[in-house]
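Just need the whole structure built from these sequences, with the hints factored in.
2 protein chains.
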Amino acid sequence: MSSAISPKKIAQSLQELWSPRVIGEVDDVFIKVAKLHGTLAWHSHDDEDELFLVLKGHLRIELEDSCIELDEGEMFIVPKGVRHNPVAEQECQVMLIERKSTRHTGEVTTEKTRSLEEQLRPV
Amino acid sequence: MSSAISPKKIAQSLQELWSPRVIGEVDDVFIKVAKLHGTLAWHSHDDEDELFLVLKGHLRIELEDSCIELDEGEMFIVPKGVRHNPVAEQECQVMLIERKSTRHTGEVTTEKTRSLEEQLRPV
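Going line by line, the protein sequences match chains A and B.
As numbered in this note's numbering, residues 38 to 160 make up the first sequence, in order.
As numbered in this note's numbering, residues 38 to 160 make up the second sequence, in order.
By construction, these hints were calculated from the structure, which means they are not laboratory data.
Owing to the predicted nature of the structure, the values given are computational and were not obtained by experimental measurement.
Any given hint could turn out to be false.
Note that identical chains are pooled: a pair holds if it fits in a single copy or bridges any two copies.
[Stated by the list, open to error] Computed cross-link-like contacts, SDA-like style, restricted to lysine to any residue with a CA-CA straight-line distance of at most 20 angstroms:
#1 Lys-46 <-> Lys-93
#2 Lys-46 <-> Val-59
#3 Lys-117 <-> Asp-65
#4 Lys-117 <-> Ala-41
#5 Lys-117 <-> His-80
#6 Lys-93 <-> Leu-54
#7 Lys-45 <-> Glu-109
#8 Lys-117 <-> Ile-42
#9 Lys-117 <-> Ser-39
#10 Lys-45 <-> Asp-108
If you want it as structure tokens, here you go:
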């Protein structure tokens, strides 16, 4: 347990896009990092809020009635039940904070959907 | 709800040292920022893990058997029950992630201890 963790360095090292990896846990939430490019899928998480913090680059989070533009160092919390779609015009790296029960793409399944087991693989 | 949040800018704007402010919540955890300089107090949180992410500067987290040195962008999760003491030789800014039940200085109370109400004041 006893060493510093660099979310940015771990995110940078990821090979696969849209494949979050767990880098820590704080009680009932996971801290994850992911490398994104392109678009994920419209979805929601009925029972969980979801925090996006941009470590590098720029991320747009499309909501049904607006768009959140996140530059490096900025964050946004998608409230539970709110449909959203993350879009990265260029490759970006993010940190995610979400309850352990959160499913990657909520109620939908696409070829990008990753299981919790995949997210728990060592980085 | 619908705008980007910059933890770094909010932390930078804080006037008071060692006085965490809540900037968001993800279900049962608070996201906080704080400006630190000097030392807090040896304490532990029996039931809660606590994440420190350095937004600016350098933070040392003293543990009973080791020391964690955190540079900008690095994080460390102090597991529940582990006694620790944050030390900032120079002013630094941090993001904290911790369960809502977490008390600022755990089981001890000092002149630096802040109540949840104080941490929830608007920034």
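Against the structure, the hints:
For the identical chains of this complex, Lys-46 and Lys-93 are neighbours both inside a copy (10 angstroms) and across copies (16 angstroms), given an alpha-carbon limit of 20 angstroms. In this assembly of identical chains, the alpha carbons of Lys-46 and Val-59 lie at most 20 angstroms apart only when taken from the same copy (14 angstroms versus 27 angstroms across copies). Taking the shortest Cα distances, Lys-117 and Asp-65 sit within 20 angstroms of each other both inside one copy (16 angstroms) and across copies (12 angstroms). Only between protomers do Lys-117 and Ala-41 lie at most 20 angstroms apart by alpha-carbon distance; the minimum there is 17 angstroms, versus 31 angstroms within a single protomer.
Taking the shortest Cα distances, Lys-117 and His-80 sit within 20 angstroms of each other inside one copy (11 angstroms), while across copies they are farther apart (34 angstroms). With identical chains, the CA atoms of Lys-93 and Leu-54 are at most 20 angstroms apart within one copy only, with a shortest distance of 14 angstroms there and 28 angstroms across copies. In this assembly of identical chains, the alpha carbons of Lys-45 and Glu-109 lie at most 20 angstroms apart whether taken from the same copy (11 angstroms) or from different copies (10 angstroms). Only between protomers do Lys-117 and Ile-42 lie at most 20 angstroms apart by alpha-carbon distance; the minimum there is 18 angstroms, versus 28 angstroms within a single protomer.
In this homomeric assembly, Lys-117 and Ser-39 come within 20 angstroms of each other (Cα to Cα) only across copies, at 14 angstroms, whereas the closest approach inside a single copy is 33 angstroms. With identical chains, the CA atoms of Lys-45 and Asp-108 are at most 20 angstroms apart both within one copy (15 angstroms) and between copies (12 angstroms).
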